[in-house]
Every structure is written in structure tokens, then in C-alpha cells.
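Using the hints provided, position chain R relative to the given structure of chain A.
If you read the sequences in order, they're chains A and R.
Residue numbers for the first sequence follow numbering that gives the first Met the number 0, so the first one is 0 and each next one is one higher.
Residue numbers for the second sequence follow numbering that gives the first Met the number 0, so the first one is 0 and each next one is one higher.
Every clue listed holds true.
In silico EDC-like links for lysine to aspartate or glutamate, alpha-carbon gap of 20 Å or less:
(1) Lys458(R) / Asp426(R)
(2) Lys446(R) / Glu376(A)
(3) Lys93(A) / Glu134(A)
(4) Lys359(A) / Asp247(R)
(5) Lys145(R) / Glu114(A)
(6) Lys115(A) / Asp141(R)
(7) Lys145(R) / Glu100(A)
(8) Lys377(A) / Glu302(A)
(9) Lys448(R) / Asp435(R)
(10) Lys359(A) / Glu31(R)
(11) Lys55(A) / Glu110(R)
(12) Lys292(A) / Glu402(A)
(13) Lys120(R) / Asp139(A)
(14) Lys448(R) / Glu376(A)
(15) Lys220(A) / Asp173(A)
(16) Lys123(R) / Glu156(R)
(17) Lys359(A) / Glu30(R)
(18) Lys291(A) / Glu355(A)
(19) Lys459(R) / Glu430(R)
(20) Lys459(R) / Asp207(R)
(21) Lys292(A) / Glu355(A)
(22) Lys66(R) / Asp169(R)
(23) Lys145(R) / Glu92(A)
(24) Lys145(R) / Glu98(A)
(25) Lys93(A) / Asp141(R)
(26) Lys145(R) / Glu152(A)
(27) Lys382(R) / Glu397(A)
For the record, the hints were derived by calculation from the structure and aren't laboratory data.
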Amino acid sequence: MRISAICMAAITIAGAAYAADAPQKLSITVYNNNLALVEDQRHVDVPAGRTRLEFKDVSASIKPETVALSGAGLGVVEQNFDYDLLTPSKMMEKAVGHEIEIVRTIPGTGAQTHEKAIVLSVNSGVVLKIGNRIEVLSADGLPTQVIFNSIPENLRAQPTLSVTVDAAQGGPHDVSLSYLTTGLSWRADYVALFDEKQSALNFQGWITLTNNSGTSYKDAKTQLVAGDINISGEYRNNSWQQPRPANHSAGTQASNEASVADYYLYTLPERVTVAEAQTKQVGFLDQHVSAKKVYEYRTYGFESSENPVHADVDIDFSNTEKALPEGVMRVYIRDQAGEPKFAGEDDISHTPAGSELSVKIGEAFDVTVQPTLVASEKISRVRTRYAMSYVLRNARSEPVTVELRQDGLWRNGKVETESLPSRRIDASTLGWSVPVPANGQTTLTFTVDSGD
Amino acid sequence: MAVALFAACASARAAVVSERADSVALTFYHEEAVETSQLLRMGPMAGLAFVTEIRTVDLPAGPAVVKFENVTSTMVPQTAKIDGLPAGVLEQNFDYDLLSPGSLLAKSIGETVRLVRTDIKTGKHVEETAVVRSGPNGVVFDVGGKLEALRCSALPEKLVFDQVPGGLADRPTLSVRTNAPSAGHYTIRLSYIATGLNWSADYVAHLDPGADKLELHGWLTLANFSDTSFDHIPVSAVAGQLQRTGTDNPIRAEPLVLATNCWPTQIDWAKYPPPPPPPAPMQEVVVTAERRSQDIQSVPLAINAYTQREIQAQTLGDYKLYPLPEAVTVAARQTKQIQFLYRPDVTFERVYRYSVYGAKPDLNERAEVVLRLRNREQDGLGKPLPAGGVSVFETSSDGSPVFVGHDSVNDIATDLPFEIDTGRAMDVPVETRVSDSTTSGSGRTRKLKQEIEVTVVNKKAVGIVFELRQSGFTAMRLDSDDAQFTLESGYAVCHVSLAPGDRRTIRYRMQWSD
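Looking at chain A on its own, in the form it has when it is part of the complex (with noise of 0.2 Å):
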């Protein structure tokens, strides 16, 4: 074990009077959806009149069409984005027509000799004119330096975004910058422990920030906004792949958490720092609620299965008090020496308060249903009437309840007879709870009129 004290404090001179390269209060607003605005108040020193403001420190992904700036005292002229890179082919192309220094050192005695050089173009490779003499740079393959006096003025280390603004006085101001960039998202995950016997679940919500903007934000007041932002064009996010939507009834109870517009805001407690390559988990949620487990078999036609199907193993509760914002909920359950152990997970849409969820965790090993179309018939052009069996088999020690859903009725679609009970669960689809008694079976047959 080592153990070191650390402290960090900065202390940074706020530039050469038109480098505003000091950030004093960061707050970042993250999104679901690779997303998020930074606002960044700093003082500056502008004399009167027009000054280039240059800020070095934002974020690497910056929109640079969404920078605003503003202070009291100062207008905007213009707001300019630079991104043409410093790197040595771009000072030597940068350099034609300008003189350079060469210096060569001549093997053997190692001495130097420096020469005056004027670039005449740089075009898979240098030609340089010496006094009258015209050579290509390092034609030789003799060490040769190169020495330039001067960056030009837009090549820069990284992009930067420079503003410049009229101030009516000269002195210090107080600006605010506020902009949008990519890179920085999050979402919630959830850690829940599942107690069959107590038909308790609890659980745990915790805010995981990612930052892969290329910045990092330091000390910076953090909120979260939860909701469906929508964002067209190339802001999208590539979200072909919708998460199955976990919630049965959205909830209309009011959440604790601020709302802002339509969406919840959910603000951490100090300010963080960020740090760029980072993922960062804060918790945010404490919740026991009741559960139970439900096994639901669920299938969308009428066909025979030459193999049993394992039934779905669903944790069903309702989120009485908060607002869960869109995440993975991941399911513990204890083993038999009480060590919590992994179980399964499913995507949680933003989910209000007061909503019922159903989280799927897995497949039941020892509750199957094996269904048999046992006879199809036409009874007009389009109706069908279908004769299924379905065998609910139960191999574990306890009776269970499978919930079965038949999915694949038209209109004027019904029931003709039934073994057990059915209910319609909507226009579609009928729905059975199946006793199934410990380490037996139980076969549910129906008749159905497919409608039309």
C-alpha cells in the first residue's frame, strides 16, 4: 500500500491580454445523446475598443456554430473558428517564398555551416534557392536543420476559437461563454438486488458521464438532463438500435427532481472534475420498493414448437417515488451462501414516477412451454379457426404461474373454447395465468377464431 498527499492548485495569469486562457467557473449540462453545453465565465482584460479574444481551453469537440458570447460592456464583432494545425509540413508550405535558415553539419568534423535559403516550392520534396544556387532539400541525406523564424499567424496547436469583441471601456469584465459540443454523454445504471422471498427489490442509480471530447472540464458544476432531446441532422446520434422499452404504464406522479422544459435535470451534489478519457460514476438513488417475479411466455402466431421453450423470467415493480432516467438496470440475486450474484440486465427507458416496469432478466431453466398447433382450419376466405396445445412443464420444487400471451388475432378475433380461463390483453392479444403445480405440468388447449 502507498499513500501519498496530493493537492492540486493552479494558479494561471489570465494572458497576454487578448488570451483568454483562464476558465473561472465551468458548468457542463450533459445529454443523453453524445451531447452537452458548456458554460464557462471567466474575467478578461480588454482595453477599449476592438479586441481579439483567443480561448485556447475549450472543448476539443466543440460546434463552434453554437458559441455565444456575452458580458456586460461588450459587443460581438465576429467569432471565428481556427483548425489549419501546426506541424512541420504545414510551416514549410506556409514558408515558400520566405527565407529560412540551413544548417548543415558536415560529417567527419562535425562542423556546422549556416546558410540563407529562400523556399521556392513543396511539391514531394523542398527546393530551396541558395544565393544563386537552386537545391533540393536534403538531396544529400546529410543531417540538415531548418530554422524558421516565425509561426504563422493561423497555424496553431490545436483549434481555437477566437471572438472579438467592442468593449465601450477598457478594464476587466466579466464574460460568459457558453457553447455545445460532442463527446460528453451519459446515461443511468442501476444496480438492483432482487429478494425473491421479501419480494423486495433494491436498488441503486448511479449517473455514468463518459468524456471523449478531448477535454478535460475541471471543477465544473455538473447537471444531467434526462429526456429525449430531439436533434436533427448530423447531430443525431446513430440510434438505429431502439432499447426494448422496459416500462408497462408510464406513471403521471410528479418527480422530486427539477424539471426543466419537459425534461428532468438532475444536478450533482459538488462540483467534479471531468477529466478527458473518463468515465465517471456518481450515485444519485436509493430505492426499496416491492417486486415480485412473474414468468411470462409470450409468442405472435399459431405454431407448434418441436422443442420446449423456456418461459421468461420478469421482475415486475413499480417506482413509486423517482423518476428513472433511461439506463441499464442490472439484477443481483443471493446464492445459496448469500453472496449477491449477477442475474441479468434490460435497457429502462425514461421512466417517470408512479410507472409500472418490467424488467426482463433471463430464461427460466426449469419452467418450459412447449406449444402444439393442433389443427388449423379455414372457415372462410380469410378467417382461420386454430387448435393449440400449449405444455406448461415445471421442474422446479414450487407450483408457479406462467403468464402466457397469444398475440396473432384479427378483427372480430375470439376465443371459441378454452381450457382455462382467458382474458384479452388488448385487440390482439389474449392472455392466461397458468397454474403450474411443482415438478408436474399443466396443458393449456383453446380453440380461436383467428377473425379477420
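For chain R alone, coordinates are given in the frame of chain A:
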């Protein structure tokens, strides 16, 4: 000119390093049921394990950051959970800004570093102070107002840094921020999901010709595709299908690459590009470790010489948990096989089956050999059987086992029937032909009628049970004078017994509407 002074942290924060776990326990899962050959083919992209580590940390009173070293290389950081810290976790971070030549330069832009050149005549080092003006896309530095590019002059030169910039680490690191009320020695539990750890089940069935009992061995194969070795730890495996979201992936930290970009120094004198290099000489094919392991991917030939062991499955919710009886070592990039099932007398029925799908044209084929079992105690089984591959061996006349076929099975709960399809029998030929085909009526009332004739011959020296299956039974009417058909698993099925040399023809008529 304004001078701003601010502190990045309000108070001193102690950094505590937890170098390694005192003990680790692993629970293997499989995302989908696989057999060993698939498992090896899928490699590190599949499988997961739940890792539980017990660690001890010495915490000072007050704010502290605890860094966890030597966690599993394929940890999914957002699943990490730490229990046992006296004040809980204020925030949990996973940092993957890696120290590399590129990131060292990227973080040094504007910083003063030392430029060291070696005099090519004397070999002496000449040191100067330089300011880095551009980063990993090609380094430009400034020595007293003179600008040069690094490594473009063909002179031996390098930059020397005084320290590693903050925030860069040799590998991705998990850390937590906490605030203990009092200093102390705390035992904490770190648990997380790691990928690239997978398991599969394989069964080996041995049977004697003519016998109605087989010997069944079950093996667990544990595979570790991560870079972390687990030495002498408790291990268990979970059978059953877990729901996954596809979002649990370890973070692949990409180091920032330092480009050696200069102005053109390789001068292209030629107008045309040079001819392509001659093809490389033929190389001996090198068998990689993974390929080799696939080849020997031994279906373990169980040998009765040693003690047969069974692992009793425990219940974990609706899954089956197999705790290995003793601690094992699961090394990085290793597969390990452990026996979990041994059933010496399993009753089975051998059936020669032929399936007709729809109404087929004339075919000359052979019957499939199907072993039919039921997973119950009176049949010598009655244990949950995790999904996996089944290899069947039959004893030959000289007493040595001969591999006769391979099939895969789903998770089989107790009392369920199941089948092992071992392949087609050479000596049970089956001939099918449509002997009559007519239609009647038209439009909505059009009906189709077909008569099918299936002829089977038993060329074996023993009597067999032949099973004929016709699909699509439910939508049609089927009748036969030769055999009694019943509905089984969605097929119309009939059985006939054939003595050695017997030849039987089963004719049946089907009628259905469009």
C-alpha cells in the same frame, strides 16, 4: 492583466493505492449456450464473468482517492461496485487517458522541455531549453525564437521531459473518491462484470452395440480470453440464459500515436512510381496457438480409470449454479475442463427416423439415427443438463470406442424428454415417392390430394424401430391404411418395427386446400 488564483481541490486529498486483491471469486456465465468449438471460435468477444474481489485498504481520515490496481483486464467499468468503505463512494472514476509518446507531447504543448542533441563528431550531448509549439501530429519546437521541427534534420535529437503530465497513466485505472470519518484498515469488496470469460458444457455418451443403456459424462469447459490470470480461486458457472443489453463492453483505450511528420524528405525523383516489390517467398504456414487449440479442441475422452465426479447444481433464482468443488487456477488465455456429471446407466431408445417436409419429389435417402432420452431419475438421469454439445461413441467389435456422431442440446430441465441426433444410418435406406397427385374444385374450394409412398429397408443384423414424420400435418387431413399416425411435436408421426432384412412400404394420403 488579471491574476486568477484558484484551487482545483478545496483541501488536500490523500491518494491510496490498492495494489491487489486479497482474494478473488469468479462466476462464469455464457451469453448464449455454446459448445467448446464455438466457444473457441468466438474467443474474447463473448462470455462474461462476475468477479468479486476482497481487498484491504488503509484509509486516512478525510477526503481520499483510492486507486485499484490489477483488476481484470476486461472489466466493464460501469458495472464496478464497491462495498465496505466507511463513508461510501462519493464518485467513481475510470480513467483511460494512456501515457504514450503522443499523449506526452499533446499535454506538453506550450511547456518548456529540454532538447538534447548528440554531436555526431564527439558523441557529446548538447542540451538546450525548448518550448513545445505543436503536438503529436508533428512536433515544432522553439529554441530562443528559432523554430525547428523534431526529427526532421537527420540529427540525433530528442526531447526530455521533467515529469509525466497529470492525468496520464500506464493503463486504464478504476478509482473512487471517499471521505472516511476516521483513519483505519478497511476490508472492502469490489465486484464487477468482466467479458472474455466464457464457459460451455460438453457431453460424452458411450454405448455398446445393441445396448439400451449409455454412459454419460458431462464436462464444463472454462475459457479465459482476458489478460488476467486467476490463481487458485473459487469458481462457479451459471447455466441458463441471462438477458443482456449488449452495452457491457470493456473500454478499449487507444493510445495517442505520435506521428513523425516532416516536410517531404524522401524525394520523389522518378516520374513514375517504382515497380511493386516481388512477391514474398512462400512461407510455411504457422499454426497459431488459438488455431492449434481449436484443432485439438478435444472432446474429452472420459476414461474410467479415475474417480468420477459430479458437481451438484444449486439454485440461483431460475438458473443453475455449479460451484467447482475446489479452488482452481484459470490462467490468461487458457481453457480448462472439469467433469460435472457422470451417469453410468442412462436408459435410451434408438429410433431410425425419416422426416418428410411438405410433399417431396422422389428421393432415395437414409434414416437418421436418433437417441431418445428422458431426463428423469428412473431413467438414470434426473439432473439439470446445461446446453452444450453431445459426442456419441460406440464400442467397436475390438472393444475400442468409435466416434459415431455429434449433436447439440438446449438447456434441459429435469423430466424433459430430449433427443440426440447422431447422423444417418448407412444400412437403413428410405425411398419416398409421390404416387398420386390430384386437384378437385376450383378457386376458393380447390382441394389438393396427394398420396405418398415411403419404403424402408432394414439391412441391419438387428431389429429396429422406424419412425416416419410428416410435417404440416395440422393444416391437412392425413389417413393411412398401413400405419397409425399421431401428432407429436407438430408432426404426424407413425412407428413401425422392422426385423433384420424387413422391407416395409407405408402409404398415406394427404388432403388440403390452398
